[in-house]
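Undergrad: The listed protein sequences derive, respectively, from chains A and B. Going by the working numbering, the residue at position 87 of the first sequence is 87; the numbering climbs one at a time, nothing skipped. Going by the working numbering, the residue at position 45 of the second sequence is 45; the numbering climbs one at a time, nothing skipped.
Among these hints, one or two may not hold up.
Among the chain B residues that face chain A by a calculated CB cut under 7 angstroms, a handful are [claimed, not checked]:
hint: 1; residue: R105
hint: 2; residue: L106
hint: 3; residue: A109
hint: 4; residue: A174
hint: 5; residue: V178
hint: 6; residue: N209
hint: 7; residue: F210
hint: 8; residue: Q244
Simulated coverage check for chain A against chain B, where a stretch passes if three residues somewhere in it have a Cβ under 8 angstroms from a Cβ of chain B [to be verified]:
hint: 9; stretch: 116-126
hint: 10; stretch: 197-205
hint: 11; stretch: 215-223
In silico lysine-lysine, PhoX-like type, Cα no more than 25 angstroms apart, as pairs [as the list claims (entries may be wrong)]:
hint: 12; chain 1: B; residue 1: K27; chain 2: A; residue 2: K241
hint: 13; chain 1: A; residue 1: K231; chain 2: B; residue 2: K273
hint: 14; chain 1: A; residue 1: K227; chain 2: A; residue 2: K16
hint: 15; chain 1: B; residue 1: K211; chain 2: A; residue 2: K227
hint: 16; chain 1: B; residue 1: K247; chain 2: A; residue 2: K236
hint: 17; chain 1: B; residue 1: K280; chain 2: A; residue 2: K32
hint: 18; chain 1: B; residue 1: K280; chain 2: A; residue 2: K231
hint: 19; chain 1: B; residue 1: K211; chain 2: B; residue 2: K139
hint: 20; chain 1: B; residue 1: K247; chain 2: A; residue 2: K16
hint: 21; chain 1: A; residue 1: K247; chain 2: A; residue 2: K227
hint: 22; chain 1: A; residue 1: K241; chain 2: A; residue 2: K231
Please keep in mind that the hints were generated in silico from the structure rather than gathered at the bench. Think of the CB as a built atom: it goes at the ideal place given N, C-alpha and C, for glycine as much as any other residue.
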Amino acid sequence: MKILVTAKRVVDYNVKVRVKPDGSGVDTSNVKMSMNPFDEIAVEEAVRLREKGVATEVVAVSCGTAACQETLRNALAIGADRAILVETDVDLQPLAVAKLLKAVVAKEAPQLVILGKQAIDDDANQVGQMLAALLDWPQATFASKVEVGNGKLTVKREIDGGIETVEAALPAVVTADLRLNEPRYATLPNIMKAKKKPLEVVKPDALGVDVAPRLAILGVAEPPKRKGGGKVADVKELVAKLRTEAKVVS
Amino acid sequence: MSTLVLAEHDHHALKSSTLHAVAAATKLGGDVDVLVAGSGAGAAAQAAAAVPGVARVIHVDAPHLAQPTAENLAAQVLEVAGGYTHLVAPATGFGKNVMPRVAARLDVAQVSEITAINAPDTFVRPIYAGSVFATVQSKDAVKVITVRTTAFDAVPATGEVARIETRAAAADVAKTRVTGQELTKSERPELAGARVVVSGGRALGSAENFKLLEALADRLGAAMGASRAAVDAGYVPNDYQVGQTGKVVAPDLYIAVGISGAIQHLAGMKDSKVIVAINKDPEAPIFQVADYGLVGDLFEIVPALTQELSG
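This is chain A alone, in the form it adopts within the complex:
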């Protein structure tokens, strides 16, 4: 069984993002970029399924600029077998990415696609669900446990207030939530090995996909700064202030 996983290149979660002076977008030049943490969890899960003998091959896909090759090398270092970059300089929105992935799925014919539940840059939380819809496949989003056997998928998924268990026949789409696993750190030997693994580059045109944006970004802005910095001397003063000034405790 082949598993397709996604690896989006995003601003590292430890970086404080800044809005460009003209408000047209977020400044991503000279900023540390990393794999979307939820995608890292997806890659880890796929690699574990291969290590358990459930899957035979893990293919990592990224859609974006040539720089995404670095992100794919990272996925290969975690343990993916090969990688595909759908290369474009267009600002890709979720529907376009879902269409690109659908085209890759048509070529690769995986039984399972695992994606991060959302990317930490645009926070859209759409691509997995959209891909499942376009493929007319079942979806199991926000997965905290994935089991595959006898052509059947069993997923425990995070819902508001608890866990829901769903079953589906393969092929299917899964999106990874935080609790699914703790991604491993890529070791130096594996980073070296990853450099030699195959990485194919394709263009959206070759996949027959129109990637034009559907949403116009009219502008971005930072929210009003929070006025913090207040201090209290001791517990008594803190409780008094919470009671009489902030009125948030009784």
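Put chain B on the given structure of chain A with help from the hints.
TA: Chain B alone, transformed into the frame defined by chain A:
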């Protein structure tokens, strides 16, 4: 212009998230209809009909909608979506699961988790976990939208009586099957919707020491949270995590204990109404966002605070 709101409900009553989604829908202008898809959900449909601002309730009832899957709900929305310019759902686990499926089938973009409506086609939404807000304009004929519930005050639950139209359910797509549900039976409120959150960081030092925070949380009726550092150190499970890669919370009171205030944590809690920070390092970044900072040893302060609040 007309809007269809997909109701989140438990068949007997509406979830409060639906009232927030209706609030956003009424701001769009035009008629607001509500789709109640369930099994034996007549009571929920009647509840929806009582919500002020709702013109019509579309009620569909079928056994396969008892524990509805995203596939079946999306099919149901699509079945009745003709003629609407806006399709709206709350940006909860429920809405997030279903609506992108609807959007993809309609070949339109989804606008996720909007926090403001500037025009019927122009919305504000948080990106980078709320560090930045983007204003976006949809060029599509149909706008598929999820609504951040904390950004729109709920409409009242009752006040009017709208028409209820019962329709046949869409056929069972039978893609996935819900085979079980374990709802957390915690005495504490759920982290995402809690009025008060008590969060701990790496400075707690151990899983055992998180019990100190539990006593404080119990006193305040608070949910428990944690920084990513505390989760990574194995002190608490991953679902405690507040931050860009965890849950985004906006309670009335957020108490950060032994949390330095990494950017990714601040992104998840800085919309809280009142922030209290307890940390021994006076230079910790968390103090820059705190309304009430208390510098000192958490192992002395937290028990004292719990006691003072009980007094």
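Undergrad: If a hint holds in the structure, say so; if it does not, say that too.
TA: Going through the hints against the structure:
Taking 7 angstroms as the C-beta cut-off, the interface hint given for R105 of chain B holds, the closest approach to chain A being about 5 angstroms. The beta carbon of L106 of chain B comes no nearer than 10 angstroms to any beta carbon in chain A, farther than 7 angstroms, and the hint placing it at the interface is violated. With its C-beta approaching chain A no nearer than about 4 angstroms, A109 of chain B sits inside the 7 angstroms limit, and its interface hint holds. Look at A174 of chain B: its Cβ only gets to about 9 angstroms from chain A, farther than 7 angstroms, so that hint breaks.
Nearest Cβ of chain A to the Cβ of V178 of chain B: about 5 angstroms, under the 7 angstroms cut. The hint holds. Hint status for N209 of chain B: violated, given a least beta-carbon distance of 18 angstroms to chain A, over 7 angstroms. Evaluation of the F210 of chain B hint against chain A yields a violated restraint, the C-beta minimum of about 17 angstroms exceeding 7 angstroms. Because the smallest distance between the Cβ of Q244 of chain B and any Cβ of chain A comes to about 5 angstroms, under 7 angstroms, the interface hint for this residue holds.
Proximity of the stretch 116-126 of chain A to chain B, defined as three or more residues with a beta carbon under 8 angstroms from a beta carbon of that chain, is established by the 7 residues found. Remark: the stretch 197-205 of chain A is not confirmed as covered by chain B, as 0 of its residues place a Cβ nearer than 8 angstroms to a Cβ of that chain, below the required three. Coverage of the stretch 215-223 of chain A by chain B holds [criterion: at least 3 residues with CB-CB distance below 8 angstroms; count 9]. A C-alpha spacing of about 37 angstroms is found between K27 of chain B and K241 of chain A, which places the hinted pair above 25 angstroms, so the restraint is violated.
A hinted pair counts as satisfied when its Cα atoms are at most 25 angstroms apart, and K231 of chain A with K273 of chain B qualifies at roughly 16 angstroms. Distance check on the hinted pair: K227 of chain A and K16 of chain A sit about 18 angstroms apart at the alpha-carbon level, within 25 angstroms; holds. Our distance criterion of 25 angstroms between C-alpha atoms is broken by K211 of chain B and K227 of chain A, whose separation comes to about 31 angstroms. At most 25 angstroms may separate the alpha-carbon atoms for a hinted pair to count; K247 of chain B and K236 of chain A exceed this at roughly 31 angstroms.
For the suggested pair K280 of chain B and K32 of chain A, the alpha carbons sit about 30 angstroms apart, so the restraint of at most 25 angstroms is broken. The suggested pairing of K280 of chain B with K231 of chain A holds, with an alpha-carbon distance near 13 angstroms, which does not exceed 25 angstroms. For the hint linking K211 of chain B to K139 of chain B, the alpha-carbon distance of about 52 angstroms lies beyond 25 angstroms, and the restraint is violated. Under the criterion of a C-alpha separation no larger than 25 angstroms, the hint pairing K247 of chain B with K16 of chain A is consistent with the structure, at around 18 angstroms.
The suggested pairing of K247 of chain A with K227 of chain A holds, with an alpha-carbon distance near 18 angstroms, which does not exceed 25 angstroms. Restraint check for K241 of chain A and K231 of chain A: the C-alpha separation of about 11 angstroms stays at or below 25 angstroms, so the hint holds.
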